[in-house]
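Place chain B on chain A using the hints.
Spelled out, the chains give:
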Amino acid sequence: MPKQSILVVDDEPGIRLYLKRLLGNVGFSVRTAADGDEAVASIEAEPPDLVILDVMVGGRDGYEICETIKKNPARAGIKVVMLSAKSRAIEIEKGMALGADAYLTKPFSMDELRDTVRGLLDGEPAAEPEG
Amino acid sequence: MLDRLSLRLRIFLFFALIALGGSAAIVAAMVYLGRTERALPIDDLVLMGGACIGVLLALTIWTWLKFDEHVAKPILAICNHLKAAAHAKAEGDIKSGTARYLGFLEPAVREITTNLSETRREVDRTIAAATAESEQQKQYLATILRDLQQGVVICNRRHEVLLYNQRALEILHVAGDIGLGRSFFGVVTEQSFRHALTRLENRFRTGRHIDHPDGLAVLVIAATRSGNYTLKGRVSLTLGRDGGEANETPRGYVVIFEDVTDELAAGIWRDRMLHDVTSDMRQRIANLAMVGDLLTMEGEIDAEEKAAAKATFEEDGRALAERLDRLDQISSDLLSSAWPMTQVFAKTLLELIRERRSEGREIRVDIAGDDVWLHCDSAAIVDLVDRLLNRTSVFARVEQFELRITGRERRADLDLAWQGEPVTVRALETWLDERLDDSLGAMTGTDVLNRHKTEIWCEPAGDGRSRLRLPLVTVAFDTARAQGGVRLEARPEFYDFDLFARIERDSLAETPLRDLTYVVFDTETTGLEPSKGDQMVQIAGVRIVNGRMLRGEIFDSLIHPGRAIPRVSSEVHGITDAMVASADPVTTVLPRFHRFVGDAVLVAHNAAFDMKFLTLKQQEAGCSFNNPVLDTVLLAAAVFGADESLTLDALAERFAIKIAAEERHTALGDSLATGLTFLRLIDLLEAGGVATLREAIEISEKQAAIRRAQGKY
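Protein chains in written order, with this note's numbering: chain A, 1 to 131; chain B, 1001 to 1713.
Isolated chain A, as found in the complex:
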């Protein structure tokens, strides 16, 4: 079984590095995107099993990327975890209403993120391999 793939979208290089290392260490194949447009292009090119989205990312924002993913029936199976410094209940509700599968507020712990990702991917069959 191929490694499950994760796309990390965040405009902070530090966070991208940290998440890549953290999730890579627990056995996922991780690639990154620095803004919304790059993320959408990356998803189009090769759909990941899960996308970790910073809501405030440049270009298209996290909400819009989430909407783009969930609107496309062929991509709707991709899990979306939103990461945001916006921590109010209404902001979380907005993220979930737009189709996010989980919403983590910054700062979060390594364990929290790892458990969330595992929970989402283990509970569901991995995205069907292309072709």
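Warning: the hint list may mix true and false statements.
[Said to hold, decoys possible] Going by beta-carbon spacing under 7 angstroms, a handful of chain B positions derived as facing chain A:
| no. | residue |
| --- | --- |
| 1 | Glu1314 |
| 2 | Asp1325 |
| 3 | Arg1326 |
| 4 | Thr1454 |
| 5 | Glu1459 |
[What the hints assert, rightly or not] A short list of chain A residues far from chain B (calculated; beta carbon distances all over 12 angstroms):
| no. | residue |
| --- | --- |
| 6 | Asp11 |
| 7 | Glu12 |
| 8 | Pro13 |
| 9 | Ser29 |
| 10 | Arg31 |
| 11 | Asp35 |
| 12 | Glu46 |
| 13 | Ala85 |
| 14 | Lys86 |
These are computed hints drawn from the structure, not numbers from a lab.
Beta carbons are placed, not taken as given, at the ideal position from N, Cα and C, and that holds for glycine.
Positioned in the frame of chain A, the structure of chain B alone reads:
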């Protein structure tokens, strides 16, 4: 002229008739006597003399009768008519023909009385118009003052209240303690007001107020007497000019205030929170920095150090995030308190949105709302939703919308739903970045959302429908506050500007009766013998200030007598054991009544009886009634004489004072009747030369002595 001459001629003719008739009778008698040549016999002389006297008497009597009938009687009638017209304002006309033999007098009198009536009617009309106008202005003033959100109190220089509004009573949380002529400092702490007034008077004296940005006003923070509520307000000095004065001088002051207790408490809480959170954050950042130093130090770190570092990161990271949430909450509170938020009923808000229709599109909007109150800037929300409605209509090509507000716990969702595709995130964000109505300043939809600490998003609503959801905060509508807490009866007399000019007198005894403040009171009891254990079951009173009975400033309380009320007493005053079961005992009620009375003169009908109950209980209640006392029975006896009936009913009837049957024999009803009786008695006492309190007490004592001597009292 001819008539006048003819009246004079007529009177002349009467007298000419007496003269001519008398002369003719004498001449006739002399002719008769001259017929014989013999010496005049005595008999004939007597006969003729008698005949002459008879003729003269007859003529005189006839003339007198005519004069009495046609001159004296008509003049008397005219006099009475004129008196009635002058004093009793009688309008009736003089009976025609009353003075038909008095020439011009009757038409002249008729003309005078007609003119008098007309003049009087004209004066009455003018007075009525002026009264109606002033009454209307009073009504306007009352309405404006009632609807003001701020408390308003106007005082004279002795801090006596001349005007107050309903809101002032509510904010000060007082009912009977504030009133016309009472000291404002009875309900608020005086230090800050005195300080403010001293500053203002200094500013005025030195003329600095002319250029001062606040003129003759200054901010004041004070507290209610009880210390439970904090007030913030402005004190402004009121200037006026007495008759002889060339320049204006301070006559009093106006205080406009609001209750800032909650605001202040919130501010204090916020400051404390900010302090705690920021100092705690400083500590945690220092921890993280230290661990960072440890991790980047040269040399290996062992497993224990690594575990400690990890624990610090996790704990302090989480704690910092939590503190940030609290800071966020504090900043949100600050933002929303600076922005005008109001309480608006959900359905009202929806109707306002539906009616807004700023772009005049053919859009149909069905509305449905739960019965919830929203806390928001309704004008901004209406504009925002109206904008979204118009944009969505174009975007989704729909004309039919459903607008619904659904209440949830502490919040409500405003949903704009339609049949069709959802709005994209990009489109929604573009709309939210547009400026809204110019009247809202340069505000965008995003600004409105930020100010309301909320978000908006579009989501599928099932069955091919979509909806925009805007969560808003709900409030439990504070009906008590909206209605002003304890809703107080509207007070008919809420101002008396004559108090501005009230002269302070050194001696209460020498103060004119009309200028004194009174509390007219009455008690209902279990029986007539306080010394044998009878108790009060009700006490009521009403204030009289400046010669006006203030029906709005009353005291009325049942009292638990601590014993059964005999049936025979209940039949008199209608108060039963059941009615007083939950009433306060005399030890609670009496101090309240004592505060209501203040230093007013006490007035009661048969005051000795009521005072006996009061004084028997005052020690137990911890208050003493040393006020001067006037008794309407004794005053009425001085005015009408002790032989007249002096019961309250008899006096009320004499003065045409109406007491509703159901009010008679209630403490309040009898207090009101006694109050009105007392005001009439003051008029009569003044007319009889009793003008001051000392004089009124003196004549009362005299009457009491007489009654004691007669064994009546």
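So which of those numbered hints doesn't the model satisfy? 3, 13, 14
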